[in-house]
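Per this note's numbering, residue 459 is the first one in the sequence shown, and the count goes up by one each step.
Honestly, the hints are just simulated from the structure, not real lab data. Wrong hints could be hidden among the right ones.
Said to hold, decoys possible - Within a straight-line C-alpha distance of at most 16 Å, the following computed EDC-like cross-link-like pairs (lysine to aspartate or glutamate) qualify:
1. 483 <-> 470
2. 1512 <-> 1577
3. 554 <-> 583
4. 993 <-> 964
5. 774 <-> 785
6. 1222 <-> 1294
7. 1026 <-> 1071
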Amino acid sequence: MSIAVESINTNDEIEFTVQQYQMYKETHQNTDSELRGILLSASSLITKAVARNSMIDNIPVIALTEKDNSFLRYNLFNKICWGWPEIYSFFLRACKARRWLKITSISSSGRTVDIEFFNKAQLFDIKIAMPVVVPEFDSFTGTTWQPEFYGEAMRSLKDAGTKIIICFSTRSLPYILRSGIRFGVSALDGYQWLFISEDARSFPLMNEGVCQWEPKCTYAYRGSLLFIENYNFGNFRTERWLHTLERFYSIDRTEYLGSKAIYPNEELASYLALGYDAMWLLAQAISNIVSRQKTAFGDEISNELKKINLNGLSGKVRLDETGKRSDFRGSIILINPIGNASDSDPNLVALPIRLVLYKESGEVEVNYQAKYPLNKPPYNYVLPPMSLPMADTYNIRKYSSISGMISAHDNILAKAPNEPWPSIGFRRREKVVTPFRCKQNCGNLISQDDVTVFNNGVCIAENVCVCNKGYLGDGCMNVSCSCVHGGCNTPDVCTCKSGWKGPRCDQPVCNTPCLHGKCVKPDKCQCRSSMWLGKYCSIHLAAILVPVICSLVLLICFIYLLIRYLIKRIQLRTALANLEWLVIWDEAVKIDSQEKDSKNVSTATHVSRMFNDLYTWKREKWFVKRFNSRTVDLDDEAVRLEMVELTTLNHKNLIIYGGACLTYPNVSFFLEPANKGSLEDILINDAIQLGWDFRFSFLKDICCGMDFIHSKTNIGSHGRLKSSNCLLDNRWCIRLSGFGGPSIRYGQYLMAGEEKDWQYELLKMNELFWTAPELLITVECLNDVQMGTKEGDVYSFGIIASEIATRDIPYAYERMFLSVSAILDLIVEKDSPLLEDERKVWQSIGGDIFVIRPQLKSEHLPEGKTTQRKFLKMLDDVWNDEPLLRPPFSKLLVVLDNIHPTKGELMDNLIRLLESYSNNLEQVVIERTHDLEVEKAKIDHIISQMLPKKVVEELKHGNKVEPEDFNCVTVFYSDIVGFTTIAKNSQPMQVVDLLNNLYSTFDSILHKYDVYKVETIGDAYVVASGVPERNGNAHAGEITTAAMDLVITMLAMKVPHLPDCKLLLRIGAHSGPVVAGVVGLKMPRYTLFGDTMLIAATMESTSEPLRIQLSEHTVKILDQLGGYETELRGEMTVAGRALTTFWLISKDGYEGTLPQVASK
């Protein structure tokens, strides 16, 4: 295999170059030699043309001189030279290392500054201030050039606020330099000028043209720095270099070893080296591919190029994966190191001073050895001397280097005088121009290394100080002081006045501590509250008030008790004097049984007995309750007080006491007759039907009466509460009797009765079923209970409640298996070993062996499980073995109201209900009519949600709804991206809830716009505007604005059961004609038809998440409306027609902001 190289002169003409390329390719297409690669050294325009064609023909390209890295986008394009990004980075790193963070630039119009330079400057935090552009010098042809032509530009450079200037110019560079001398922005005025690459190589080292004027440019710009890329040519004596030079000069190799050796300059050397290395890379890549017995196609060659490591003429060569050279070397060249040699030759004017290498450990700068003639007398410099612009101030830069120097002839690291050897890491120092200074300073200079950093602030621009915290003023000489009661010599370090302390002297000092307050001024306390008194808040207000208040309370209590005692004494004397209750027996007339009203005749026990003991006294009928008692002493104060209290009692649930007869044998109470008899009589009378309304009314009446006795009277308790003492009046209201008057009922006047038979004894025992267990222990009959206890009355109420439930006597079921005495014994001593047999019997009949109480079956209880449970719970509470745990009657009233809520008496409720029904019948009719109208309105509202209002009106009147043409409406489609995936990961009810929440939100938003909701299908949502009511061209604006609201609202919505899932809405809209009409008989719908619906649906299906796609028809209408910003998306074919589509971006005056989503 052989490789041949042929050259083509492009003449810098694109068309000619392309023709030559095509001609050459066709000439060798069918021959043994074939075009395998292109080595290119031409302008960027030629490079672009060749790169395009070579990519099409699959031919790799290696550029030798192209610095534009943008061509690397062509996949077969490679570069062996370094590009602008690498050169810019090299330059900007050097600026940042010298703390030149603010620089200005000047360029000529013919030299375009790559935007990459400004982008790189931002990455390195370097500000390019006030870039200046001047016209090229040839624009002044026909006129003698004068420095004033660039005067305005030079003044702009002086106003930029920095001494660092980078110059981009080649053709006009001498004229720019001469203008800088004229207007005082040269190195003679302290300005540091910088040049890069081609601009650096264009520096007039020979003082060409206007630079010959005095002072010459090489002298006026001493200390300027040139930054150029540096290829490692070695010493030009390697075998490859000698071979290349031999071919180039066509002379014998040995001539290069004598004293007349001819070495190429850097520019020529770079062409030779880069061309040689590029050819070597290409040949090596083809050879490697062929050695693997493969065909060397262009893409194979391009990939192989990136795998080769070449130690070439230009140094080590390695292409990265993009095709560009990966290593970089740069040199910094100093202008005029010999300050007074303004007319010396270029070898004395521009010398390399620094080689910049990039290693893994960081950037390293290595010194160059001084070249001839600086290393010869009269100078005898080993290293090039440093010359600086004539600035007022300099900073000291410390940088990383290594000991030694790059030799002038061998181009290798060599020993330098007075430096360690072998080479080691080394820190060097150099002076650099300060980009700006503050003449007033910002305090005292901290170090000579940086004249912009002071102890009180930092100089950030020309004469602009930024003060450190705690300093103020133009020169940061004023100290910031926040001392409230004092002063400071250093920031926020206070010297307090007497009586003050704290960092800000705002804390007063009290020599005596404030015990219960705070010190507000020196030796002045403010108490924590009004409860503390005294100069130091040490006296509590209670220490003064408590004795006073206690004395007042004691006095008031004494006065109160005295008054109560006196009132009671007066009441007692009045009561004792009151004998209106005293009955003289001869004044009472017994009522003959024949005079009784026949309709009051009853077989009930109590009623029969009552009729036998009815008397008339003081023209009123009274029932006489007799006692086996001797004459009661009228002077007995206890009797008088009891009778006064009984006869003055007034409660709807207590029987009225009229008086008492105290003479034997007629000692008795005169009581109000109860015509309905006792509760006991009613319950055992099966002929009387009692619903639970009546039963709960009885229970509440008993509770009301007992609560009054317990809490509102001096009687204290009943003691004899049982069903026979619960009487009913004509209103079926319970009136309690048998209470009070203990002196007469159980006192000393009671005579012993004569012996009774066994039936009487059994009756006495039966009466004990209502007595609480704790009282049964010490009594033999009900009279022994006497007044009893409040807790015992509650227990008795429970027995009555069981009677009301069963409508039978207490323990009726248990009595079928056990005797009365056995049951009573079990109640008192259920755990007694003597009652083992009785316990077994009790357990066998289903009784609870832990609590001996009447058993209630489910048929005895009110309806409803909740009511039954609450009723049984109440009985358990009132029958508690621990008396103190039994609820009072006031609480039992609340419990009964909870079980069966009613208010007032039973008969009153029934009568009131009838009256209310009769009086309010007309109002009921009005209300029902109103309810009907409300329901009708609801139905109309629901129908209006399904059909347009005017369609509903036509259907209500029985008219046929004809289809209607609409010339132009806007139709909106939307759906949720990825809804199928969401539905798969959700339960059906979760999907329904999600769509309901979503569409409810949509409906509330669309309510603000003139739009009509057409339908929803799954996650699809269809809306139109301009139908059924026409609105001109406003329909497009209504739809697009509503769509923006929906997209923004969706951003905040979450899927409750999928918190990591985001709802992404996709929207499309189109404007055009439709036909609208009602279709279907069952569940009719108002539907739109036409191509407009199809196109709108396509707009949605081809849209993107969180984007709104509009057709060109809609955009035209929006342009007429004005205020809408759209962005062209492209063309698509819908229903056989080509449509241009747009993205909706924003709307003028719209408060929200659509999410910025990049198009796919």
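Evaluated hints:
1. 483 <-> 470: Roughly 20 Å separates the two Cα atoms, so the pair is violated.
2. 1512 <-> 1577: violated, 35 Å
3. 554 <-> 583: Given pair residue 554, residue 583 holds - Cα atoms ~8 Å apart, limit 16 Å.
4. 993 <-> 964: Not satisfied, since the Cα-Cα distance of roughly 21 Å exceeds 16 Å.
5. 774 <-> 785: Roughly 8 Å separates the two Cα atoms, so the pair holds.
6. 1222 <-> 1294: Between residue 1222 and residue 1294 the Cα gap is close to 25 Å, so the pair fails against 16 Å, i.e. violated.
7. 1026 <-> 1071: violated, 37 Å
In this structure, the hints that do not hold are numbers 1, 2, 4, 6, 7, in rising order.
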